[in-house]
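There are 2 protein chains.
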Amino acid sequence: MTMVKFALTPEEQLQELLKGVVDLVSKEEMLGKLKKSYSEKKPLRIKTGFDPSRPDLHVGHTVLMNKMKQFQDLGHEVIFLIGDFTAMIGDPTGKNETRPALTVEEVRINAETYARQVFKILDPEKTVVDYNSRWMNKFSASDFIRLASQYTVARMLERDDFSKRYKAQESICIHEFLYPLVQGYDSVALKSDVELGGTDQRFNLLVGRDLQKTYGVSPQCILTMPILEGLDGVQKMSKSLDNYIGVEDSPREMFGKTMKVSDELMLRYYELLTDMSVADLATLKSELASGKRHPRDTKVQLGHLLVNRFHGSAAADNAVEEFNRIFVDKGLPDDMPEMDLAPAKGVWICQLLKDLGLAKSTSEARRSIQGRAIEWAGSKVEDEQLKLDLSAGQEIIVKSGKKKFVKLRIKG
Amino acid sequence: MTMVKFALTPEEQLQELLKGVVDLVSKEEMLGKLKKSYSEKKPLRIKTGFDPSRPDLHVGHTVLMNKMKQFQDLGHEVIFLIGDFTAMIGDPTGKNETRPALTVEEVRINAETYARQVFKILDPEKTVVDYNSRWMNKFSASDFIRLASQYTVARMLERDDFSKRYKAQESICIHEFLYPLVQGYDSVALKSDVELGGTDQRFNLLVGRDLQKTYGVSPQCILTMPILEGLDGVQKMSKSLDNYIGVEDSPREMFGKTMKVSDELMLRYYELLTDMSVADLATLKSELASGKRHPRDTKVQLGHLLVNRFHGSAAADNAVEEFNRIFVDKGLPDDMPEMDLAPAKGVWICQLLKDLGLAKSTSEARRSIQGRAIEWAGSKVEDEQLKLDLSAGQEIIVKSGKKKFVKLRIKG
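Residue numbers (this note's numbering), protein chains in the order written: chain Y, 1 to 412; chain D, 1001 to 1412.
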């Protein structure tokens, strides 16, 4: 362990670390740990666990990573713990489709996918990647019984989801009680000082804290982060709700999605998805409130920050330029209607204009083309007999006159 | 596996096996197993588990062993399973004093003590002794999670004692849910056809049956035996209630205690503690009812059977002879009052007679001795100054006149 000279005082560190946090158990203990770490020049050990059965990340997952990065930037040691032991077991009942049992090879591949995405945010040099199979594979049956003796059934049933399922007479298998204990034991094995997690992990993080006490390890502080809302601003961000920004989305997609969020959600994304300091965030808010800053410019800046993080500054600059060229310079609205179509070949332009609602009939579409009022992907349509091939993945803006637009998306 | 020629038909076997049974799950399956075994000349595998943390047996524990012996006598294979894996873990919370963690050495000693007592009933040549540590020590953490996934919390909470404790808000530790699963897994490992247990084990035996199904092993029948009442005929037999006959009690104690049970309890003991056939038991009952048999003689016969089993026929004959000499020949009642005294030296006979309630005062005692009315251990007392040494373990009948008796017991 190298000695660290911290740039910020413990009190200053705590203030930064509280950005966006839902719950910290406890502030006093956290300050105590920061002070001790500061005076001993010894970084704190920050644990965050990830489930390698879902390697495909969206920016909602990066809320935690941003908090990890904050700790890392402050000088602490961040441990990225991959729960491969449990992932390789999966859900033995087979009832839970989101928990398929993974092979060693699948875990390795998923962990690499994770790492590729994670190291867009964290500094690989300063990040410890660990696997809980390292200690759990050595765990004997009697170790397990001892572990299970540390918690009561009643306390486990206090966990929100268990409590709801138990009351609704939905079955809870006994191994589901063991998973929080394994996750908690990871904190014993790692001797973590702090564990980060989403608010949905609060119970599990507290189990870790409790188990550390019973196993004679100094108990960790727990710090929970909000579950990020999706683009709709209401539901939590998720792939299945199609309200997400993927970590591996293209720069154009990432930027485009960002431009669509509400002004309120934009501020939330600033807080949770960027490393803007508490002070800068306060300035930004007050400037927006006073009208000194324009929301649209602020959103462009957010889009730039996000693309920059995941694709680098050149891609970010490009995305802004392209946005300006299409929307700002051409006077396109950023909330134009969208329409999804299946791929097709040889589609007649006039039929398409009618289907998109840009003409009431194919005759009207023909007249619009003759009047040079139709633009397809930025160029005027001249031929009213034009046949188009629509391929999966295309996004085309179709314009009729000066005020009618549709963004056409071809879905595979 | 040697081929077995069974003396009784499957139907006859089933009838014998039902003697004293509380519950059999299920009679149809059991008959099916017996038929298959009969036609294939292949013995059934009968599992009975014992907890090696309490090696000191009373005859209440032998109810199960008698049922094992019955299976053995019919030609089946009896497995005496010692639950050493769980015994070596004990109760990790330390709350349960009756479950201390045992060392390998303690388990070995207790298992030998068990075997010594058990083989007074079972044929050692025909009995398989096994230890569940054989497979449980190889169990990995992931094997454990798979095992735990086979049962739900709700079903486990249906177990009588768990259900009561949960409702009373008494704590149940999670490892307590694992013990029935381990016991059940033993049936998977042993591929048992039948498991025997007391009625208090019914739930655990059913877990074994369920787990065999999920692990692809033919499910065992379960057969529960009653918990034997103690000498009082009401409470269950237990050391702490001092209403027991110990397997290692002396022949005299064993016989004497047997003679004290009620006529009703005598029949219960015949049913559960001897290998009398169902037919003979029916005859005995009808002869008692018709007065053809005297209850006292029947009790003497029971005492003889028990002493014979645990100490051999010579000791049994002796016990009957001694009983006849003291009680029958001398016309002593078999329900005379008893009094316990501590060991002492130089006790004056007259003071003792007063203390035993055989005289109202030492003067009256003196007059009784002068009148040659006092008998000490079968001989007349002549000296009214007699000093007696009372040593631990003695049992002395003291008689005053023809009708007053006290059995004096000197307790160590």
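Check the hints yourself; a few may be wrong.
As the list claims (entries may be wrong) - Under the rule of at most 25 Å between Cα atoms (straight-line distance), these lysine-lysine pairs were calculated in the DSS-like manner:
1. Y:Lys292 with Y:Lys236
2. Y:Lys260 with Y:Lys167
3. D:Lys1411 with Y:Lys167
4. D:Lys1360 with D:Lys1402
5. D:Lys1260 with Y:Lys167
6. D:Lys1138 with Y:Lys138
7. D:Lys1260 with D:Lys1411
8. Y:Lys164 with D:Lys1167
9. Y:Lys164 with D:Lys1164
These are computed hints drawn from the structure, not numbers from a lab. Values in this document were obtained by computation on a predicted structure and should not be read as measured data.
Evaluated hints:
In summary, the hint linking lysine 292 (chain Y) to lysine 236 (chain Y) is not supported, as the alpha carbons are separated by about 31 Å, beyond the 25 Å threshold. At most 25 Å may separate the alpha-carbon atoms for a hinted pair to count; lysine 260 (chain Y) and lysine 167 (chain Y) exceed this at roughly 40 Å. Of the supplied pair hints, the one linking lysine 1411 (chain D) and lysine 167 (chain Y) is violated, its CA atoms being roughly 57 Å apart against a limit of 25 Å. A distance of roughly 17 Å separates the Cα atoms of lysine 1360 (chain D) and lysine 1402 (chain D); the hinted pair therefore holds under the 25 Å criterion.
Straight-line distance between C-alpha atoms of lysine 1260 (chain D) and lysine 167 (chain Y) comes to about 53 Å, which puts the hinted pair past the 25 Å bound. For the suggested pair lysine 1138 (chain D) and lysine 138 (chain Y), the alpha carbons sit about 11 Å apart, so the restraint of at most 25 Å is met. A C-alpha spacing of about 19 Å is found between lysine 1260 (chain D) and lysine 1411 (chain D), which places the hinted pair at or below 25 Å, so the restraint holds. For the proposed pair lysine 164 (chain Y) and lysine 1167 (chain D), the alpha carbon gap of about 18 Å is at most 25 Å, so the pair holds.
As the CA atoms of lysine 164 (chain Y) and lysine 1164 (chain D) are separated by approximately 22 Å, the hinted pair is consistent with the 25 Å bound.
Checked against the numbered hints given earlier, the structure breaks hints 1, 2, 3 and 5 and satisfies all the rest.
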